[in-house]
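**Q** For the record, the sequence lines run as chains A and B.
Quick note: the first sequence uses numbering that gives the first Met the number 0, first residue 0, plus one each step.
Quick note: the second sequence uses numbering that gives the first Met the number 0, first residue 0, plus one each step.
If you are wondering where the hints come from, they were derived from the structure by calculation, not from laboratory data.
Glycine included, each C-beta is placed from N, C-alpha and C at the ideal position.
One or more hints might be untrue.
Unchecked claim - If you only want the chain B side, here are some residues facing chain A, beta carbon under 10 angstroms, derived:
hint: 1; residue: Leu286
hint: 2; residue: Thr290
hint: 3; residue: Phe292
Said to hold, decoys possible - Result set (DSS-like, lysine-lysine): computed pairs, CA atoms no more than 27 angstroms apart in a straight line:
hint: 4; chain 1: B; residue 1: Lys135; chain 2: B; residue 2: Lys256
hint: 5; chain 1: B; residue 1: Lys135; chain 2: B; residue 2: Lys350
hint: 6; chain 1: A; residue 1: Lys120; chain 2: A; residue 2: Lys328
hint: 7; chain 1: B; residue 1: Lys30; chain 2: A; residue 2: Lys328
hint: 8; chain 1: A; residue 1: Lys120; chain 2: B; residue 2: Lys323
hint: 9; chain 1: A; residue 1: Lys126; chain 2: A; residue 2: Lys253
hint: 10; chain 1: B; residue 1: Lys256; chain 2: B; residue 2: Lys323
hint: 11; chain 1: B; residue 1: Lys350; chain 2: B; residue 2: Lys323
hint: 12; chain 1: A; residue 1: Lys126; chain 2: B; residue 2: Lys323
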Amino acid sequence: MTIMTDPPRDDGFRLGKLISDTRYRSITFQVITLVLLVLGIGYLISNLLANLADLGQDLSYDFLAAPSGYDINQQPIPYDSQSTHLRATIVGALNTLIVAFLACVTATVLGVIAGVLRLSKNWIISKLMAVYVEAFRNIPVLIWIIIIFTVVANVFPQPRDFRGEEATASPLFGVIAATNRGVYVPRPYFTNGFGLTDEEALSQGATDADAFELAATQGALLDWLVILAVLAGSFFAARAILNWANRTQEATGKRPATFWPTLAVWIVPITLVCWFMGLSWEVPELRGFNFQGGILMRGSLIALWLALSIYTGAFIAENVRAGILAISKGQTEAAAALGLRPRRIMNLVVLPQALRVIIPPLISQYLNITKNSSLAIAVGYMDLTATLGGITLNQTGRAIESILLLMLFYLTISLLISFFMNIYNNSVRLKER
Amino acid sequence: MSDTHAQSVAFVRETEIPPAPPPVTETGAVKWVRENLFSGPFNTIMTLLGLYVVYWLLSGLIPWIVNGTWEGSSIRDCREIIGDTGGGCFAVLGERWNQLLFGFEYPSELYWRPTLAFVLLFIAVPQVLFINLPRKLLILTALYPFLAYWLIWGGSLLIPTFALLGLAVGYLAFQRGEHVNFAAGLAAFVVGAAATWWLGGFVTAAFPNLLALEPVESRNMGGFMLNLILGIVCVSLSLPIGILLALGRQSRMPLIKYVCVIFIEFVRGVPLITLLFVANVVLAYFLPPGTNFDLILRVIIMITLFASAYIAEVIRGGLAALPKGQYEAADSLGLDYAQAMQLVILPQALKISIPGIVNVAVGLFKDTTLVSIISMFDLVGMIRGPILSSTDWVGVYWELWAAACVLFFVVCYGISQYSQWLERQLQTDHH
Numbered sequence: 000m001t002i003m004t005d006p007p008r009d010d011g012f013r014l015g016k017l018i019s020d021t022r023y024r025s026i027t028f029q030v031i032t033l034v035l036l037v038l039g040i041g042y043l044i045s046n047l048l049a050n051l052a053d054l055g056q057d058l059s060y061d062f063l064a065a066p067s068g069y070d071i072n073q074q075p076i077p078y079d080s081q082s083t084h085l086r087a088t089i090v091g092a093l094n095t096l097i098v099a100f101l102a103c104v105t106a107t108v109l110g111v112i113a114g115v116l117r118l119s120k121n122w123i124i125s126k127l128m129a130v131y132v133e134a135f136r137n138i139p140v141l142i143w144i145i146i147i148f149t150v151v152a153n154v155f156p157q158p159r160d161f162r163g164e165e166a167t168a169s170p171l172f173g174v175i176a177a178t179n180r181g182v183y184v185p186r187p188y189f190t191n192g193f194g195l196t197d198e199e200a201l202s203q204g205a206t207d208a209d210a211f212e213l214a215a216t217q218g219a220l221l222d223w224l225v226i227l228a229v230l231a232g233s234f235f236a237a238r239a240i241l242n243w244a245n246r247t248q249e250a251t252g253k254r255p256a257t258f259w260p261t262l263a264v265w266i267v268p269i270t271l272v273c274w275f276m277g278l279s280w281e282v283p284e285l286r287g288f289n290f291q292g293g294i295l296m297r298g299s300l301i302a303l304w305l306a307l308s309i310y311t312g313a314f315i316a317e318n319v320r321a322g323i324l325a326i327s328k329g330q331t332e333a334a335a336a337l338g339l340r341p342r343r344i345m346n347l348v349v350l351p352q353a354l355r356v357i358i359p360p361l362i363s364q365y366l367n368i369t370k371n372s373s374l375a376i377a378v379g380y381m382d383l384t385a386t387l388g389g390i391t392l393n394q395t396g397r398a399i400e401s402i403l404l405l406m407l408f409y410l411t412i413s414l415l416i417s418f419f420m421n422i423y424n425n426s427v428r429l430k431e432r
Numbered sequence: 000m001s002d003t004h005a006q007s008v009a010f011v012r013e014t015e016i017p018p019a020p021p022p023v024t025e026t027g028a029v030k031w032v033r034e035n036l037f038s039g040p041f042n043t044i045m046t047l048l049g050l051y052v053v054y055w056l057l058s059g060l061i062p063w064i065v066n067g068t069w070e071g072s073s074i075r076d077c078r079e080i081i082g083d084t085g086g087g088c089f090a091v092l093g094e095r096w097n098q099l100l101f102g103f104e105y106p107s108e109l110y111w112r113p114t115l116a117f118v119l120l121f122i123a124v125p126q127v128l129f130i131n132l133p134r135k136l137l138i139l140t141a142l143y144p145f146l147a148y149w150l151i152w153g154g155s156l157l158i159p160t161f162a163l164l165g166l167a168v169g170y171l172a173f174q175r176g177e178h179v180n181f182a183a184g185l186a187a188f189v190v191g192a193a194a195t196w197w198l199g200g201f202v203t204a205a206f207p208n209l210l211a212l213e214p215v216e217s218r219n220m221g222g223f224m225l226n227l228i229l230g231i232v233c234v235s236l237s238l239p240i241g242i243l244l245a246l247g248r249q250s251r252m253p254l255i256k257y258v259c260v261i262f263i264e265f266v267r268g269v270p271l272i273t274l275l276f277v278a279n280v281v282l283a284y285f286l287p288p289g290t291n292f293d294l295i296l297r298v299i300i301m302i303t304l305f306a307s308a309y310i311a312e313v314i315r316g317g318l319a320a321l322p323k324g325q326y327e328a329a330d331s332l333g334l335d336y337a338q339a340m341q342l343v344i345l346p347q348a349l350k351i352s353i354p355g356i357v358n359v360a361v362g363l364f365k366d367t368t369l370v371s372i373i374s375m376f377d378l379v380g381m382i383r384g385p386i387l388s389s390t391d392w393v394g395v396y397w398e399l400w401a402a403a404c405v406l407f408f409v410v411c412y413g414i415s416q417y418s419q420w421l422e423r424q425l426q427t428d429h430h
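Using the sequences and the hints given, assemble the complete structure.
**A** Written as structure tokens, this is what we have:
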């Protein structure tokens, strides 16, 4: 029951009441704020219009359709200097997403390992991890990116060091060549996939090089979609096995062994499909002055990827450690008293509770990785900041439009990541009453 | 049982056995090693791996430091001195320390001025950091920014004096006005400060060279000094703005709330680099035609806005962590909003937020290196640009980057250790 402590006396409206009366005060403040805000924004926009008029410019996104005229050294989709600025932007955005995704995965793995090891009873290991975490947390990521880039560019051998009888360098496992231009890794492709060989394309009426390339690209895309579909199927099958095991346990009290079936569901279909489509690896080979074939991961990509993963891994390690420490020891002891084995204690008792503490900061670390990937510009990795915010901006002089698009992209990515991670977060959240 | 008695027992010891020392394997270093390093096969493997990593790190690091040379004026001299001992060429630090610290354009005969400002920092800051120092010393803290500005940038002493005077007059007016209510105090502050600055404008124009130091342009600032200036200024400015944003986000007035929410989410959603691009190329479009804002000032504005959004989120966490009863208790005492916040809510919320605020401060200080991307010559910019591209020192990466790492590590690790100490000091729930 609410008691009105200050019953409004109806003695008419006075101007002073706008400030002194709680009923009007909030409205007064909001009106003042609104007026100040409108005035402020209006002032900025009038300045903008005046400045643009002085320069004889207007706001227009037409430049996106014009030919870009510059090359991009990593092209996930076909691109050349005759393509439009819009296509350059998309290539840059894809490059951003590629490095952000790679770094998120490795940073999580690294962070979880380091966080758990820092709690290890082994003194040397825990101290080493403490040194790792403190060193990377207290030194700017930009410095780490540049240092790792320097290592790749100056410490790794040159391609010609791999040549000849008395080669000073040899590829790792015979297939991965780490050179100062970047790391060459084998490229997977399918000999028996949906991609048409040149003869097949010819028989279907292809005449010029573009048509051959198109046939090959579309086929390769289809191959990878098949692989993706099979993996998704395995994922759902594994989930079904888990659910079935849970149901059986609820009904009978006995938990069926799920390890081997799950493993089989993951491995067998993908192996079969790979075998059927003839998965082969194009191993990089030294030809002429450089390695040919395979995928070249440029030094800039490697530097950015490693630096972001190791740097953010240190932060994730702290989150993981805090999450595990937040679970009181009594939980572990209670589980042990019930007769659970250490691994099941970890899986069934500690981790589900620790995840609640770990996941929210983990989301912000993923966001940080995505945003920090914009430091690519420091080592010449052509991400969105380097294409749209760098060369396109400089060539066209469309500063406002480019920066606006750049911000919108990062904003969208940030909101999307936090949206999806929040859904996951809600699913593991503590459910009260 | 009755025939069981003491006499039938052959021997009963009547004295206690003196306590024997535990077995060697269960005491001291041996026990510690056994338990912590070799308690099982897995643990042993980990220990050996760890030892190998330590050996690998030290075997690279120790010769590099021990055999390194501080002599020589170029990398060729260094190479002659070092030979192939694997030592580092630290001579570059000896020769270029001034550029690493002050940038390459700050006049070298004036280095004493930023140095003095840096030393004075240790007089201005302790009373903020350590609560048990006398409160009166806070006056020094209040004077410091103006003195430091005068020392670093030079120019007439009148400009910082009137800036300070304006704030002082405003504060006095605020105290008068606050008797009526908070809003009146705020209005009085604005009027008082603005009037003083307006008057001060005439006086400084009349005596432009009174007590003037040789002025130094903003674009001549560089090196680690620039990182420190940006870090300290932006963190101190972003704290009050962050508090206001956090309170605004908690406000019941929808307009104010959504303005704050949109601002915070927008700034937190974009990378700092894009904001620096804004400072560099876009901000000029939004200023009146013909104005030429100093680049450092533009960068300070953008970094401050960036930091205040993050600090606002940290403080929001602190505000949300306070029990509802605290708000209700403040209301029941009859405090108005401003009083309740000042006296009850904020002191507690800020205390909870200390670790987060320090994290933001450390992160921000590290992020000041990003200005090197918009071609300002901070520490990273200096190393990447003028020093590594000079013919004398091309190729001396490790020594320079190690120096940068050490500088940043010392400052950041120091700040985080301080915050942990402060947390322990402010801990009121003894257990």
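**Q** Indicate, hint by hint, whether the structure satisfies it.
**A** Against the structure, the hints:
1. Leu286: With a closest approach of 6 angstroms, the B/Leu286 hint holds.
2. Thr290: Holds. Min distance 9 angstroms.
3. Phe292: This interface hint is violated because 12 angstroms lies over the 10 angstroms limit.
4. B/Lys135 <-> B/Lys256: Outside the cut-off at roughly 37 angstroms; violated.
5. B/Lys135 <-> B/Lys350: Answer holds: B/Lys135 to B/Lys350 is near 22 angstroms, not above 27 angstroms.
6. A/Lys120 <-> A/Lys328: The hint holds at about 15 angstroms.
7. B/Lys30 <-> A/Lys328: 24 angstroms, holds
8. A/Lys120 <-> B/Lys323: 41 angstroms, violated
9. A/Lys126 <-> A/Lys253: At roughly 43 angstroms apart (the allowed maximum being 27 angstroms), A/Lys253 and A/Lys126 break the hint.
10. B/Lys256 <-> B/Lys323: 19 angstroms, holds
11. B/Lys350 <-> B/Lys323: 17 angstroms, holds
12. A/Lys126 <-> B/Lys323: 41 angstroms, violated
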